[in-house]
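Participant: Residues per chain, in single letters:
There are 2 protein chains.
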Amino acid sequence: MVVEQGVSTDFGHTTLPYCSFVGTGEKRPKVGVGVGTDVLDLTAAAARVVPERAALFADGTLDALLGAGRAAWGEVRDALLAWVTGPAAARYLVPASDVELVLPFTVADYVDFYASEHHATNVGRIFRPDGEALSPAWKHLPIGYHGRAGTVVVSGTPVRRPSGQRRAGEGVSFGPTAKLDVEAEIGFVVGTPSVLGQPVSVEDVEQHVFGLCVVNDWSARDVQAFEYVPLGPFLGKSFATSVSPWIVTLAALDEARTDPPTQHPRPMDYLQADAPWTLDLELTIRIGDTVVSRPPFATTYWTPAQMLAHLTINGASLRTGDLFASGTVSGPDADQVGSLLELHHDTTYLDDGDTVTISATARLADGRQIELGDVVGTVHPATA
Amino acid sequence: MVVEQGVSTDFGHTTLPYCSFVGTGEKRPKVGVGVGTDVLDLTAAAARVVPERAALFADGTLDALLGAGRAAWGEVRDALLAWVTGPAAARYLVPASDVELVLPFTVADYVDFYASEHHATNVGRIFRPDGEALSPAWKHLPIGYHGRAGTVVVSGTPVRRPSGQRRAGEGVSFGPTAKLDVEAEIGFVVGTPSVLGQPVSVEDVEQHVFGLCVVNDWSARDVQAFEYVPLGPFLGKSFATSVSPWIVTLAALDEARTDPPTQHPRPMDYLQADAPWTLDLELTIRIGDTVVSRPPFATTYWTPAQMLAHLTINGASLRTGDLFASGTVSGPDADQVGSLLELHHDTTYLDDGDTVTISATARLADGRQIELGDVVGTVHPATA
Numbered sequence: 001m002v003v004e005q006g007v008s009t010d011f012g013h014t015t016l017p018y019c020s021f022v023g024t025g026e027k028r029p030k031v032g033v034g035v036g037t038d039v040l041d042l043t044a045a046a047a048r049v050v051p052e053r054a055a056l057f058a059d060g061t062l063d064a065l066l067g068a069g070r071a072a073w074g075e076v077r078d079a080l081l082a083w084v085t086g087p088a089a090a091r092y093l094v095p096a097s098d099v100e101l102v103l104p105f106t107v108a109d110y111v112d113f114y115a116s117e118h119h120a121t122n123v124g125r126i127f128r129p130d131g132e133a134l135s136p137a138w139k140h141l142p143i144g145y146h147g148r149a150g151t152v153v154v155s156g157t158p159v160r161r162p163s164g165q166r167r168a169g170e171g172v173s174f175g176p177t178a179k180l181d182v183e184a185e186i187g188f189v190v191g192t193p194s195v196l197g198q199p200v201s202v203e204d205v206e207q208h209v210f211g212l213c214v215v216n217d218w219s220a221r222d223v224q225a226f227e228y229v230p231l232g233p234f235l236g237k238s239f240a241t242s243v244s245p246w247i248v249t250l251a252a253l254d255e256a257r258t259d260p261p262t263q264h265p266r267p268m269d270y271l272q273a274d275a276p277w278t279l280d281l282e283l284t285i286r287i288g289d290t291v292v293s294r295p296p297f298a299t300t301y302w303t304p305a306q307m308l309a310h311l312t313i314n315g316a317s318l319r320t321g322d323l324f325a326s327g328t329v330s331g332p333d334a335d336q337v338g339s340l341l342e343l344h345h346d347t348t349y350l351d352d353g354d355t356v357t358i359s360a361t362a363r364l365a366d367g368r369q370i371e372l373g374d375v376v377g378t379v380h381p382a383t384a
Numbered sequence: 001m002v003v004e005q006g007v008s009t010d011f012g013h014t015t016l017p018y019c020s021f022v023g024t025g026e027k028r029p030k031v032g033v034g035v036g037t038d039v040l041d042l043t044a045a046a047a048r049v050v051p052e053r054a055a056l057f058a059d060g061t062l063d064a065l066l067g068a069g070r071a072a073w074g075e076v077r078d079a080l081l082a083w084v085t086g087p088a089a090a091r092y093l094v095p096a097s098d099v100e101l102v103l104p105f106t107v108a109d110y111v112d113f114y115a116s117e118h119h120a121t122n123v124g125r126i127f128r129p130d131g132e133a134l135s136p137a138w139k140h141l142p143i144g145y146h147g148r149a150g151t152v153v154v155s156g157t158p159v160r161r162p163s164g165q166r167r168a169g170e171g172v173s174f175g176p177t178a179k180l181d182v183e184a185e186i187g188f189v190v191g192t193p194s195v196l197g198q199p200v201s202v203e204d205v206e207q208h209v210f211g212l213c214v215v216n217d218w219s220a221r222d223v224q225a226f227e228y229v230p231l232g233p234f235l236g237k238s239f240a241t242s243v244s245p246w247i248v249t250l251a252a253l254d255e256a257r258t259d260p261p262t263q264h265p266r267p268m269d270y271l272q273a274d275a276p277w278t279l280d281l282e283l284t285i286r287i288g289d290t291v292v293s294r295p296p297f298a299t300t301y302w303t304p305a306q307m308l309a310h311l312t313i314n315g316a317s318l319r320t321g322d323l324f325a326s327g328t329v330s331g332p333d334a335d336q337v338g339s340l341l342e343l344h345h346d347t348t349y350l351d352d353g354d355t356v357t358i359s360a361t362a363r364l365a366d367g368r369q370i371e372l373g374d375v376v377g378t379v380h381p382a383t384a
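These protein sequence lines are chains A and B, in that order.
So the first sequence is numbered by my numbering: it starts at 1 and just counts up by one.
So the second sequence is numbered by my numbering: it starts at 1 and just counts up by one.
Calculated directly from the structure, the hints in this document are not laboratory data.
Just so we're clear, the structure is a prediction, and the values are computed from it rather than from any experiment.
Worth double-checking, as some hints may not be accurate.
Any copy will do: because identical chains look the same in the list, a pair fits if it lies in one copy or spans two.
Said to hold, decoys possible - Taking lysine to any residue and the SDA-like style, the derived pairs with C-alpha atoms no more than 25 Å apart in a straight line are:
1) Lys27 x Ala55
2) Lys139 x Gly175
3) Lys139 x Ala225
4) Lys139 x Ala178
5) Lys139 x Lys179
6) Lys139 x Glu170
7) Lys179 x Ile126
8) Lys27 x Asp98
The following block holds chain A by itself, in its conformation from the complex (with noise of 0.2 Å):
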C-alpha cells in the first residue's frame, strides 16, 4: 500500500514525541523520537541513551515502552531530554521526511467516545429536530461504543470510498457512500493494563495513559444511519480509522493542562476527580488547502480521566495498545465544528480526491505551542 506521507512538523526539542519508522532501503520498523524536523533512531541509539532499557526498543514498536508503566517512561523521557541536544545524538538523526512513519503500536481494543456537549447537540437537533438533542444518559455518563481496532491505519494510508446498504425513499440500495465524512478527535493510548474486575480510578489516569494522537474517525454517514438502530454504529465506521504517526507524551503535554467545563448535574462520585483537568488542544480541519473548522479540545464535556474512569467502572480490563478517543470534537461556533455533518447540515460531504488533514496545538500555560502529527487521508474511489 502507497501511503502518502505529510510534511515533516518541527517538534522542537522537548516534545519527543514517539513514533515507529522504516529507514530508507530499510524492512524492519525501528523506534523513533521527533527532535526538530528529525526522528531519532532510538532502536540504535538505546544502547547508549538508556542502556538498562535498551530492550524496550528492540521489536521497533512501541509495545514494549507502553506497557513498561510510567516509571520507565519517565525514566526514557528524563534521559532523552538530557541527551538529545548533546553531540552524540546528531549521528542518529535523520529527516523525518526521508523516512515512512508506520502506525506505532499494536492496537488492542479501540474506544470511541462522544464526549462533546456541542457535537451531540448538533447531531442530535439535526437528526431529531422535534426531540430533545441530547439523550437522558449523555450528562451522567461518557456515552461509549467499540470501534474496529483491525482498520486503525496510519496517517496517509489511503481511504476506500465503502460501499454499503443506505435507505433510498421507500426502499433500500446499495453501493458507495454517498456521504463520506470526517471526525476529528483525539485519541488516548493505554501503556500500563489494568486488572479484569478492578476499576481504575479518575485519580490514576497518569499511571495508564501513555500519550496521545490526533484522530479521524472516518464515517459514511448514510450507511450508518440505516444500520444503527439498535446496536450503534459498524459498517458506517469501521473502513477506517486514521491516526497520527506521533504519539505525543502526557508528560509532554503537562503544561497544556487547563480546567474542564463546568459540569451540570454533578456526575457520580466515581467520575469526580480532586483535580480535574483537560487539555488545551486547538484542531483545524483542512480539505486540500482550506482550512474548514478549527474545534477546541478544550470544550469537550467529558475529561480524559473520566473517559477512563467510566470505561472501566463495570470491571472491564485495559491492555497494552488500547486506544480510545474522545468522539467529535465541535466547539459552540459554526466554524469550530469536528464533521462535515455539522458544518454543512447533512448537505455536502468529501468527494473522492480530497484530501483531509487535521492538525492539533498544544497550548501551554506560558504562551508557547507545541504541533501534535498531523493525520492525513485521501479519499479514494469505491472499488467498482
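Position chain B against the provided structure of chain A, taking the given hints into account.
Facilitator: Chain B only, in chain A's frame:
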C-alpha cells in the same frame, strides 16, 4: 485467577478440536487436540505427526495455525486423523481433566451479531410493546456491533457482577447490576486475514473461518438499557464474554450442515450464496444442574457466511483471531430462548453463586452427534 474447569467432553477420534492447555506443573501453554476425553500434546507431537508444520504449534497458542490458511488446516487435520488412533499417539495423551485449558488464541476484533429473528422479535416486543419489533434494516442486513475483545475469557473464568449506572424512577442510581443475564451464542474464529478495501464473498467463508466455539455474552440489562441510545451496548456487555476452550473446525462439522431459514425479502446479491448452509447445532443452557433452555442454532435467520460477507462489504479487513458471534440464539418456542430476558420476560435474572453452563451438540446427517466444548461461568459478587 482461579479458573473453574468443567468435566471433559468425549470428542471421539474424528472431531479433533483444538485447544491451548497448561500441563500439571508446567508454565507455558501448549497446543492440544481433543481425542476422546484426553488432550493430545500437539506441541510435543507435531515433529512426528506433521514435521513440516511443527513450527505452527511452537508458541502454545492456535495463532500460527489460524494464520497458516486453509491448505495447512487440511494437511494437519488429515495427518492427525491418520495418526491419533495409532500406537505412537498414546504417549502424547493426557486426561483433559488433569490440565488447565486456557484462552486458545489471541482475540483480535470481537463482533457480535443480532442474527436470530426470534431473539430480535422477542426483545423488540418486551422493550417496544407498541412499536414494530424489528428495526427497518433488520431483514436487509445482519445487524452487528463491535464488542470488547480484551475481556473475552475462557470457560471457567469467574464472572464478577458488574456495577454501573441504571435508571431509578425519574433519577439515576449506581450499583451492582440487578439484571445479570446470559446470551447463548455460537462464535466463529477467523484464521486467514483479508486485505483492507477488499470485501470477502459469501462463497469464501471457508477460506477465512477456521472453526467455532460456544459463547456466553454476559449482559447487564439495566446498565445496557440506560447507556445504549444512540451508540449501542457498551459497559452492559464489556465486562466479560466467555468462550468454550475448544475450537472445533468447520471441516469437522461438514456433515452437520443444513439448510438455513428461508429469507424474505430476498437479500442483496452480496448476501446470496450458491449453496447456502448453516449448522445443525442444538445449544443447552443450564443454571446449576437445571436445563432452562435448548436454543436451536439452525433457526438463526442470517448464516455465518452472510455475517462474514456483511462484516467486510465496506472494505473492513479481517485479521487472524477475529471472532464474530451470532448474537443470542433463540428458537420459536418458549423453551428455546437464548437469554433470561426472554425466558422470564425481564423479571428474573442471575444470582451470585449461579453457575451457567452452555453446551452445544452438532447433529450430523447420519444421525451421529458431536459434543462441542462447554462454556461455564460462575457469578461472583460485585466488588464492595
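Participant: Taking the hints in turn, state whether each one holds.
Facilitator: Going down the list of hints, with the structure as the test:
no. : hint            : result
1   : Lys27 x Ala55   : both (19 Å within a copy, 23 Å between copies)
2   : Lys139 x Gly175 : between (37 Å within a copy, 18 Å between copies)
3   : Lys139 x Ala225 : both (23 Å within a copy, 16 Å between copies)
4   : Lys139 x Ala178 : between (32 Å within a copy, 23 Å between copies)
5   : Lys139 x Lys179 : between (29 Å within a copy, 23 Å between copies)
6   : Lys139 x Glu170 : between (35 Å within a copy, 14 Å between copies)
7   : Lys179 x Ile126 : within (15 Å within a copy, 34 Å between copies)
8   : Lys27 x Asp98   : within (14 Å within a copy, 45 Å between copies)
Violated hints for the displayed structure: none, as all numbered hints are satisfied.
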